[in-house]
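Colleague: If you count the sequence shown from 1, position 18 lands on 18 in this note's numbering, and the numbers rise without skipping.
Quick caveat, the hints were computed from the structure, so don't treat them as lab data. Since the structure is predicted, the reported quantities are computational estimates derived from the model, not experimental observations. Warning: the hint list may mix true and false statements.
Restraint-style ranges between C-beta atoms, simulated for each label pair [stated by the list, open to error]:
| # | residue 1 | residue 2 | range |
| --- | --- | --- | --- |
| 1 | Y13 | F37 | 28 to 38 angstroms |
| 2 | F33 | L63 | 20 to 30 angstroms |
| 3 | R64 | R15 | 40 to 50 angstroms |
Ideal placement from N, C-alpha and C gives every residue a C-beta, glycine not left out.
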Amino acid sequence: MQQRDVRKKNLSYFRVLSLAFFFFFFFFFFFFFFFFFFFFFFLRVLLQGFKLTHFFFDEFIRLRNTLSNYLILSNMLQNKIHI
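Hey, can you work out the whole structure from these sequences and the hints?
Modeller: Here's what the structure looks like:
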């Protein structure tokens, strides 16, 4: 009888721990991915409304242009297209 109570108690501990891990990972992914992506998206929209975009996003735009130019040049080199 005592052993059955211990088994039930261990099973309930396992259920509580599994639920705790599930909610921890769910809220972790939800918070970090959705919150930060939407936060920076709306921050960019607000900054465009206040005409302050060039102070904060010029570096990102330069990085994007550099990467796209690198991809274009590497594609041209792979296809052996000469300028």
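Colleague: Work down the list of hints and note, for each, if the structure agrees.
Modeller: Going through the hints against the structure:
Distance hint for Y13 and F37: a CB-CB separation of about 36 angstroms, consistent with the stated range 28 to 38 angstroms. Distance hint check for F33 and L63: the Cβ-Cβ separation is about 21 angstroms, which falls inside the suggested range of 20 to 30 angstroms. Checking the proposed 40 to 50 angstroms range against R64 and R15 shows it holds: the Cβ atoms sit about 48 angstroms from each other.
Consistency note: the structure conflicts with none of the earlier hints.
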